[in-house]
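Asks: According to the working numbering, the sequence shown is numbered sequentially starting from 4.
These aren't lab readings, by the way, just hints derived from the structure by calculation.
It cannot be assumed that every hint is accurate.
Pairwise CB distance ranges, derived in the manner of DEER restraints [to be verified]:
#1 D44 - V24: 36 to 42 Å
#2 T99 - D39: 38 to 44 Å
#3 K27 - D92: 32 to 38 Å
#4 K57 - L18: 56 to 62 Å
#5 S85 - H46: 37 to 43 Å
#6 G70 - T99: 18 to 24 Å
#7 G96 - Q53: 21 to 27 Å
Quick caveat, the model's predicted, so the values are computed rather than measured.
Glycine is no exception: its CB is placed at the ideal position from the N, C-alpha and C atoms.
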Amino acid sequence: MIKDRGMKKWQGMMLPEHVAVLNKFFGEKKRVPKPDLNEWDLHANEETLQIALKRKCEMTIKMWWDGGFHFRGGIIKDVDLSKRTIDVDDPFGLHTYMLDSIVDVTVTE
4 MIKDRGMKKW QGMMLPEHVA VLNKFFGEKK RVPKPDLNEW DLHANEETLQ
54 IALKRKCEMT IKMWWDGGFH FRGGIIKDVD LSKRTIDVDD PFGLHTYMLD
104 SIVDVTVTE
């Protein structure tokens, strides 16, 4: 029976600097540029936000930050136009998001 050390002998070949550079390289490849929304898209998002706020219904928000899209759901509690923020209540608590990061809004009833 051969008792080999497995991957132990190759672990020394990867320095932490190599791992950091590889992670940075592959992380940058996954980045997505922020989409430019035209006037029609912004108007549609505004209407959907108003409907969701008045009805107090569940909705899903597609947002862009840090080079990627993120989806958040919940019920809109408040929209602050002076700070350009939106407060969303979900099962984990109340969260505040920037209006400028919102790409799409859909009502899920």
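Asks: Please flag the earlier hints that this structure goes against, numbers listed from lowest up.
Replies: The structure breaks hints 2, 5; every other hint is satisfied.
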